[in-house]
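Participant: Residue-level listing of the chains:
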Amino acid sequence: MALKLEQISKSFPTESGSRQVLDRLDLCVEDGEFVAVLGQSGCGKSTLLRIAGGFEPPDSGNVGLGNTPVVSPDQKMIMLFQDFNQLFPWMTLQQNLLFAIRKTVPKMGTDQALQLVRSCLEQTGLGDSAGCYPYQLSGGMKQRGALARALALSPEVLLMDEPFSSLDYLTRRNAQDTLKKLWSQGGLTVLFITHDIGEALLLAQRVAVFDLPSRRIGHIFSNDGTVPNLKSRLEELLGVE
Amino acid sequence: MKVYYDLQKHRLALRLFWVLVLLLIWEGGVRLTGVSPLLFPSVGEVLRVLADSVLRGDLVWQAGFSLWIIFLGMAIGLGLGFVLALLSMRFPVAGDLIDTISAIAHPLPGIAVLPLIILWFGTGTGAILAIIVHSCLWPMLLNLTAGFRSAPPIYTDVGRNLSMNSFAITTEILIPASFPLLLSGVKIGWARAWRALISAEMVFGAIGSKGGIGWYIFKQRTFMNTAGLFAGILVVIVIGMLVEDLLFGKIERQTAEKWGMTQIRQ
Numbered sequence: 001m002a003l004k005l006e007q008i009s010k011s012f013p014t015e016s017g018s019r020q021v022l023d024r025l026d027l028c029v030e031d032g033e034f035v036a037v038l039g040q041s042g043c044g045k046s047t048l049l050r051i052a053g054g055f056e057p058p059d060s061g062n063v064g065l066g067n068t069p070v071v072s073p074d075q076k077m078i079m080l081f082q083d084f085n086q087l088f089p090w091m092t093l094q095q096n097l098l099f100a101i102r103k104t105v106p107k108m109g110t111d112q113a114l115q116l117v118r119s120c121l122e123q124t125g126l127g128d129s130a131g132c133y134p135y136q137l138s139g140g141m142k143q144r145g146a147l148a149r150a151l152a153l154s155p156e157v158l159l160m161d162e163p164f165s166s167l168d169y170l171t172r173r174n175a176q177d178t179l180k181k182l183w184s185q186g187g188l189t190v191l192f193i194t195h196d197i198g199e200a201l202l203l204a205q206r207v208a209v210f211d212l213p214s215r216r217i218g219h220i221f222s223n224d225g226t227v228p229n230l231k232s233r234l235e236e237l238l239g240v241e
Numbered sequence: 001m002k003v004y005y006d007l008q009k010h011r012l013a014l015r016l017f018w019v020l021v022l023l024l025i026w027e028g029g030v031r032l033t034g035v036s037p038l039l040f041p042s043v044g045e046v047l048r049v050l051a052d053s054v055l056r057g058d059l060v061w062q063a064g065f066s067l068w069i070i071f072l073g074m075a076i077g078l079g080l081g082f083v084l085a086l087l088s089m090r091f092p093v094a095g096d097l098i099d100t101i102s103a104i105a106h107p108l109p110g111i112a113v114l115p116l117i118i119l120w121f122g123t124g125t126g127a128i129l130a131i132i133v134h135s136c137l138w139p140m141l142l143n144l145t146a147g148f149r150s151a152p153p154i155y156t157d158v159g160r161n162l163s164m165n166s167f168a169i170t171t172e173i174l175i176p177a178s179f180p181l182l183l184s185g186v187k188i189g190w191a192r193a194w195r196a197l198i199s200a201e202m203v204f205g206a207i208g209s210k211g212g213i214g215w216y217i218f219k220q221r222t223f224m225n226t227a228g229l230f231a232g233i234l235v236v237i238v239i240g241m242l243v244e245d246l247l248f249g250k251i252e253r254q255t256a257e258k259w260g261m262t263q264i265r266q
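Protein chains in written order, with this note's numbering: chain A, 1 to 241; chain B, 1 to 266.
Hints in this document: simulated from the structure, not taken from any laboratory. Please read all numbers here as calculations on a predicted model, not as lab measurements. Hints should not be assumed to be uniformly reliable.
Using C-beta positions, here's what the derived DEER-type ranges look like [stated by the list, open to error]:
1. B/Ser163 - A/Thr110: 13 to 23 Å
2. A/Gly131 - B/Met241: 25 to 35 Å
3. B/Thr100 - A/Glu56: 23 to 33 Å
4. B/Gln8 - A/Arg19: 51 to 61 Å
5. B/Ser163 - A/Gly17: 44 to 54 Å
6. B/Leu80 - A/Ser138: 39 to 49 Å
7. B/Leu97 - A/Gln115: 49 to 59 Å
8. B/Asp245 - A/Glu56: 42 to 52 Å
9. A/Gly131 - B/Asp245: 27 to 37 Å
10. B/Asp245 - A/Cys132: 20 to 30 Å
11. B/Leu246 - A/Gly131: 25 to 35 Å
Far from chain A by the CB rule (all over 12 Å, computed), these chain B residues [unchecked claim]:
12. Leu14
13. Trp18
14. Trp26
15. Val54
16. Leu87
17. Asp96
18. Leu108
19. Phe148
20. Ile154
21. Val158
22. Arg160
23. Ile173
24. Ala256
For each residue, glycine too, the CB sits at the ideal point set by N, CA and C.
Next comes chain B alone, as it looks inside the complex:
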């Protein structure tokens, strides 16, 4: 029990521990039931295919392509989110309009607008980017707007007292003051965009020279390579966890938690 309590202090080690437990259950289940490898391959087989694809360079390239395109889409989404949130803050009429558009677009899944996006953008990188921007923009915008609105007015008063202009107050006071909500919006935006990206890649097929990770998974299904399919899914999960736990987790610990602006994780 003491070892487990020690593990709890190290989030990454705890995550790895439970992943290992799940892999053992998987491997044990496959061996004990003797299920067909076409339906449920063993962990060893999946890891072998995974290593093969990584060594060939396909999977690395395709995962890299997916990450690049999601990074681009999220950067565009974040930039647009900032502009719209600032317009909302500055002009109440624009705020009402943007709130209404958000309410309409936010619940709309990326996959539902896919046919329209294909019509408008074709099936190239532009279409994937449009899906990513649609998926991440609205949650980021909602959180940004909520963050700006909930920043204590006293901070703005202090900024005005220091003779700061509106631009400086926004960039140097309002943005850090709303950082916990901003980060939480980016996290939600990332999760939605990542799911939308994989779905869109599977629908569109290969974008760019080799396509992304979604296309890799789709190809494995076409060739009935179940182990390869699992390998692709594993990569999607690992990237998701790395971004969530390592990247966002680290940013959160270095900022909001360090500043006491969020409840410290027990």
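Okay, chain A solo, but in the shape it has when bound:
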């Protein structure tokens, strides 16, 4: 289902009044599409994602998944946060996935749930780490564990808030490859927030650039090779020297 954000505005109170973060922002992610939103740190990308997922209400505007308005988070759109520590530390990796499945699909039998867990862990390269507690995993493994938990819930949309930004180069490439492989199997819509141009170009079908002065999406480019010098244009838009 398509994810639509229409005329979204959001401001936060500050000591000197309020700070406008988003101003009548529009964005549409088509069904099965992978869209990356590029922008500088602190420009409001994460707020945009939290509003898209129903974690924050907008001051005005609408968010819709297909024809259904999004007013609170639910399992159709799973969010992957930037923070490594989104797995529950008191559960093993397998228990984290099982817990999520039990909460969202309570009727699923134990055998079927275990099979699903194993399959999701295999897909994310964590088949051997099922019995590990999160503190026994590296940062990259934790993020892949969170991705495996998201996949176990068969979401329609995956919302990803710079999930690989704190990883070292090799681990990041590994995680990006895993995500790309999973998305290319079809059926998953992804809205991916990043400040890394290379990452956006590697993963996304379309790249949206957040425009800081207007506090909305300034440009959207197709990443199918039809836009000449796309990397340079993105660097120019983001003010990269």
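Go by the hints and put chain B onto chain A.
Facilitator: Quick look at chain B alone, frame taken from chain A:
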């Protein structure tokens, strides 16, 4: 030295080793100085009186009574602590009020409120329970509230993403997420309640049919049975250490340490 390093790997064995050393120093000191047994009896004499009291059943009964009443008091304290901590989390105004009451009541020693408690509850089991609840509630409440407040918001977000309601998020996410602080609060609460219980039993006298361990110690002093007095104190120490090392230690190893949520003991 190697034997000692091996001992360090086994906490209980290490504890027993040092207890044995202290008992040897005690016994050696008594024998060498020839101090009067009315002031400082030998270890052998204390153990003989202890065995006698245990075999008669008095001490077992009285220690059991003390443990039962402290268990009851701590259960009430923990239940109240949960309710107040949840109210604090849910309603900021209630949180401010509860914080203020905590700040007033927390530093107040149980023994200081004893006269008031006698006035309000008399000198029965209810009064002892009130002292225990007062002693353990505030440290447990402070830690519970701190635990709930310091639980990473991302866990709540994940719970909301799994369509969990507030009750499920509290019981299945916030409580385990704040478990190390919760356990530490229960440990502080236990230590304060145990001390308050023994003091209160000594002041109130016999509660129930035979009274508790505090009453046992008080009786030994009345009859100038110093060895019996030491036997009572020994039981208080042993119970304290067993609860601290075996019960809480085991819970901590099976939970917070196993989950990597606390610094692993070196």
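Participant: Can you let me know if the beta-carbon spacing of A/Gly131 and B/Met241 is within 25 to 35 Å?
Facilitator: holds (34 Å)
Participant: Between B/Gln8 and A/Arg19, does the C-beta distance stay in 51 to 61 Å?
Facilitator: holds (56 Å)
Participant: At the C-beta level, are B/Leu80 and A/Ser138 separated by a distance inside 39 to 49 Å?
Facilitator: holds (42 Å)
Participant: With d taken as the least Cβ-Cβ distance between B/Leu87 and chain A, does d exceed 12 Å?
Facilitator: With a cut-off of 12 Å, B/Leu87 remains clear of chain A, as the shortest Cβ separation is near 24 Å.
Participant: Against chain A, does B/Phe148 hold up as non-interface, every C-beta pair farther apart than 12 Å?
Facilitator: At roughly 15 Å from the nearest Cβ of chain A, B/Phe148 sits farther out than 12 Å, so the non-interface label holds.
Participant: Far enough from chain A: is every CB of that chain over 12 Å from the CB of B/Ile154?
Facilitator: Nearest chain A Cβ is 5 Å from B/Ile154, so the label is violated.
Participant: Please confirm whether B/Val54 is truly not at the interface, meaning its C-beta sits more than 12 Å away from all C-beta atoms of chain A.
Facilitator: holds (40 Å)
Participant: Please settle this one: B/Trp18 was flagged as non-interface, so is its CB more than 12 Å from every CB on chain A?
Facilitator: holds (32 Å)
Participant: Lying within 27 to 37 Å: is that true of the beta-carbon distance A/Gly131 to B/Asp245?
Facilitator: holds (29 Å)
Participant: So B/Trp26 supposedly isn't at the interface. Is its beta-carbon more than 12 Å from every beta-carbon in chain A?
Facilitator: holds (43 Å)
Participant: Is the hinted range of 42 to 52 Å satisfied by the C-beta distance from B/Asp245 to A/Glu56?
Facilitator: holds (47 Å)
Participant: Can you tell me whether the CB distance of B/Ser163 to A/Gly17 sits inside 44 to 54 Å?
Facilitator: This hint is violated: roughly 36 Å between Cβ atoms.
In the structure shown, a violation is registered for the earlier hints numbered 5, 20, 21, 22, 23 and 24, in ascending order.
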